[in-house]
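*Asks:* What follows is each chain in one-letter form.
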Amino acid sequence: MAEAMAESYNRDSEPTTRTLLRRVLDTADTLTPRRRRSARVRRLSSPTKMNVRRRSHRARSIGRLAHVHTSGNLEEQTPRTLLKNILLTAPESSVMMPESVVKPVPTPQVVQSSRRESSRGSLELQLPELEPPTTLALGLLAPGRRKQRQRLSVFQQGMDQGLPLSQEPRGNGSASSLTSSLNLTFATPLQPQSAQRPGLARRPPTRRAVDVGAFLQDLRDTSLALASPGDSLRTPVATLPTDTVLEDTQPFSQPLIGRSPSVYHSLPCLSHTEAEDAKRAVSHRTQSSGPRLQNHNPGKPTQLLAGKAKKVDALAVSFPNNSSAVSGEDGVEPLQDGVGEEAEERMEESLSVSKVVATTGTQGSVRMEKSKGHREMTEAAEAKEPEGSSGASLELASSTTEFLQARRPQFLEPAPPPSAAVLSSEPLEPLSTRLPPRARTPGPRPRQDPHKTGLSHYVKLFSFYAKMPMEKAALEMVEKCLDKYFQHLCDDLEVFAAHAGRKTVRPEDLELLMRRQGLVNDQVSLHVLVERHLPLEYRQLLIPCAFSGNSVFPAQ
Amino acid sequence: MAFSTTVSQRKHIKRKAPRGFLKRVFKRQKPHLRLETSGDLLVHLNCLLFVRRLAEESRMNAFESKCGVIKKEHVQAAAKLFFSPTQPELRGMKENC
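Line by line, the protein sequences are chains A and B.
First residue of the first sequence? That's 0 in numbering that gives the first Met the number 0, and the numbers climb one at a time after it.
First residue of the second sequence? That's 0 in numbering that gives the first Met the number 0, and the numbers climb one at a time after it.
Looking at chain B on its own, in the form it has when it is part of the complex (with noise of 0.2 Å):
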């Protein structure tokens, strides 16, 4: 019993969600507005998917160009797809249409 509950908790401890980091960002950024509970843990989410499929544009990049180590421009080309405008990022929901 002691022994579950140490490992489950070990597992929250490696997946936490940096909360007061993300509250604390959203409230500079726009004091005048609140976010809710959940949406603290919406946006971890939300952070998550898009760190791993930075990593992953990057890392095609990166075989791209035939380099065993990630580069600034690997990273820089990758958020050029994210951050340019929003249509080529919308990649996902044109495939499905």
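Chain A on its own, in the form it takes in the complex (with noise of 0.2 Å):
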């Protein structure tokens, strides 16, 4: 609340109760009461960047007379209206006076959902920026709030015993009174307060106690009223600007939910997008059998990473080190598991991977301002060749994490020449080390084996796209479903090329099949989809662009 409080005073040289005002009429939309009260606080809850309570109270203010709107007190006037009658009418008094002269001022009303805390002498300067709204929602709701009513005269024998009473926003006629001049806005409404309580009529407004319990239990209902359909709601909004980044972005940020959050945790706060696109390159060949070793690996490098990462002052070459270190370390990862898959895949993906460490290495080497350590890269980078081409995946596991180690200490300016030296010992020392214990084999590899493997692609396509926690047992249909989805292809396939008398498909073959599909018509191309979706080196493999000497590629 302080914070909040400091950051309101920040915006406006003198925060009044205007000003807030002003600024609640500039942030909330205009709404026509069409939907539930829900609905609408939600809306009006999510744009602004003020204090969240704050807002949400007068939304959920906003909202209940919304509500109350509908139900056909009111006809012409909305919370706009209302609060521009406010605005019209109130006094220009400042919120840091002192009590007793900010008393006078028109916040009269204190309602029970309007208190946020108990009744503190430095918080209750907060309370007349929120009582008028919710005054005005208490002023429409109050007929059909008998629980209000029970909680506001309780309530109110709290207060006969504190603070001096002021009139309570009540009764129908609240809305033709806050027309009327202002310093009682509310002064109609304390007529049936008054005639209850004489002695309240006419007091000026203080500040009373808030009622926690009821405060909480209002909190509670708009929080559950926001939270499930807001969720929900919220989701389909935000899939559509990421699904048009999809080409930048890679399509695996989130398929692994299990571990990317402990993941993304330990990383260190300098880890930027090359970071993540290199961690998630080998991440998605990985299965996801092992999200144990990739927890425990990037937890320790990355938590030293990061020690020493921060010791080093802003500099350019630290930068991208960082980032390359951070993806050669995510290498370490998937190589790790990868102990367990055929040997072609990892072979393969081990290559690269170690193409893209290696070039990382060479850059990092070449901005490297002390000599020994490019001297020590170079030795490792090269060290590490070798291994990579003998393709036993474990012995590149292990030179990248010493290559890692090795970098470790650049990062520091400071480091002493002699301890450079000490670790230029240490990459060929535990290297030795640790080729007898890695004597897991794959073992007999079962013939679902390498289709599991290429289904497990298009499965973790599938988790991305949904941008939804999956069941286990709805993954295992997403495999059987794509089975069967391939079968059709191949009939379907194998029928167009009979049709045209061919025993080959070909790419026409592919394009009536899309149009059958209904992913290709008239509006849009098989090219159009093609640039969509696939990356560009695909993309020129398929369409046909003319280059220079009057060559076209691919030839037609």
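Don't read these hints as lab results, they were simulated from the structure.
Do not take every clue at face value.
Straight-line C-alpha distance at most 30 Å; calculated DSS-like pairs for lysine-lysine [said to hold, decoys possible]:
| no. | chain 1 | residue 1 | chain 2 | residue 2 |
| --- | --- | --- | --- | --- |
| 1 | B | K29 | B | K15 |
| 2 | A | K451 | B | K26 |
| 3 | A | K483 | B | K70 |
| 4 | A | K483 | B | K65 |
| 5 | A | K83 | B | K29 |
| 6 | B | K65 | A | K502 |
| 7 | A | K483 | B | K26 |
| 8 | A | K479 | A | K451 |
| 9 | B | K79 | A | K471 |
| 10 | A | K466 | A | K479 |
| 11 | A | K479 | B | K71 |
| 12 | A | K83 | B | K65 |
| 13 | A | K466 | A | K451 |
| 14 | A | K502 | B | K15 |
| 15 | B | K29 | A | K466 |
| 16 | A | K451 | B | K70 |
| 17 | A | K466 | B | K15 |
| 18 | B | K15 | B | K70 |
| 19 | A | K483 | B | K29 |
| 20 | A | K502 | B | K70 |
| 21 | B | K70 | A | K466 |
| 22 | A | K479 | B | K29 |
| 23 | A | K83 | B | K22 |
| 24 | B | K71 | A | K466 |
| 25 | B | K79 | A | K483 |
| 26 | A | K83 | B | K70 |
| 27 | A | K483 | A | K451 |
| 28 | B | K15 | A | K83 |
| 29 | A | K479 | B | K15 |
| 30 | B | K71 | A | K502 |
| 31 | A | K83 | B | K26 |
| 32 | B | K29 | A | K502 |
| 33 | B | K71 | A | K83 |
Which residues of chain B face chain A? A few of them, derived with a C-beta cut under 10 Å, are [as the list claims (entries may be wrong)]:
| no. | residue |
| --- | --- |
| 34 | K15 |
| 35 | F20 |
| 36 | H31 |
| 37 | R52 |
| 38 | A78 |
| 39 | P84 |
Idealized CB from N, CA, C, for every residue including glycine.
Both chains are sitting in their own frames, so use the hints and assemble them into the complex.
*Replies:* What follows is the structure in structure tokens.
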């Protein structure tokens, strides 16, 4: 609350009720009472950056207003007009003024829902801001809300003993009262109250203690109303922008939901999209069988990296080093997981990853200021290359870890050369020690495995597109669907090729298939789809393009 | 220069089509047929679009049942749209007509 107050005070030189109400008017959009109050409340509460509670509170009150509005209490009045009237009629007064001065300000009624915290002197200043909108709500709601009445009466009894009570915004006449001139914008609602308690009539408003219990209950009610529809409806909106950005970002940002939070949690703050790209690039290949390993591995090196990275000044050198280091280290994870996989796929991956890491390593080495560091890097990189080609993923894994360990001290600017020399001996030693223990062989591979591996690629794509957590049974169902899909696909292609009198399936058959499926039509051509969904390299292969020398590739 | 090639290489890896897998699947199903080089990529494109549609459909089913998790039934219901008689699936074409 204190920060919110400070924030509001920073925004305006002199935050008054008027300015705050203006802000509310600016941020809240004009809504017509079409839907349930919870829907409106959610929309109202989403855009602003103000104090969440204040906003939700106002929204809630406005929502209630609207709710009553639909019930037909006031035909022409909207919250916006009511607030505008308040602005017109309310006097300019600062919230910063001491209590005694502020009291006469038109913030009479403190209603249960408006109170946020127990009565504290410092926070009482905020209450006047909150009161006007809430009092509006209450004024309009009064007839329908027995619960509130009860609470209010209880409240008032409690307050009677404490502070002098102010009028309460009860009564249907509050709408008209609002348009009346100010000091007592809420004068009319006082009447029913004053009938009960003559002593309260025309008292200056004071702040009362908050009934925490009632307030919490209200919060709970609205949060329940907000939470469930809010989440569900917020996500589809969120998907649209990410869909369009798909080409630049990786398709596999979300598949491994179990492990992603821990990985992100452990990533240093300096890691940026490149690092994440690299991580996902290699991570998508791993089966989700080994989240534990992945969790442990990034935990240690990233923590060390984070610790050392923070020591370095913000140099351009360190930045790409960090990113490439993180990407290199991420290469470690899938390699270690990949021990249980087919050799060919892992070979391919390890080679590509080693290429990636080597290039980043050489980049880093080029940028290194220290000559020793440079030598270290190149020797580590060289040590890596022959091992990468050996085809044993475990050696590569160990070498990359050593590579990373060798790189880590380079982040430290003041690291003395002798320590670098000491570290250079490190990569070579543990290498040999690590080779023997990794005796895990893949074992007999079932025939289904390569099929499953390929399918898992699409299953991960599915979980990415779905953007929601999925059950394991659902993923298996997706695999079955994919199998069926491939069968249908092959059958259709066979029919099309036979129809054209061919025994080879050509791209025209594929185009016909997509046309039948409704993906390609007169508005959307195949080339458009290719451009949208496939990466550049494939696009070049598929879409004929003219090059210099009167040549077209691919040849038609 | 080196930096940019690394970036594009990474992107390529992410979006790679499992061409070997696709070729193998086709060969298993239809050994008497041949698949052209680029046809492979178009099959991958088709798969991508299929998976995307399936995912969106099952996500909508999950929303309708007010579930925060996609369940087997949602996926099954979505798949029915695709594998039942093709007419309901040609909704794209029908909308354009």
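*Asks:* May I ask which of the numbered hints given earlier this structure violates, with the numbers listed in increasing order?
*Replies:* 5, 6, 12, 15, 20, 23, 26, 28, 30, 31, 33, 39
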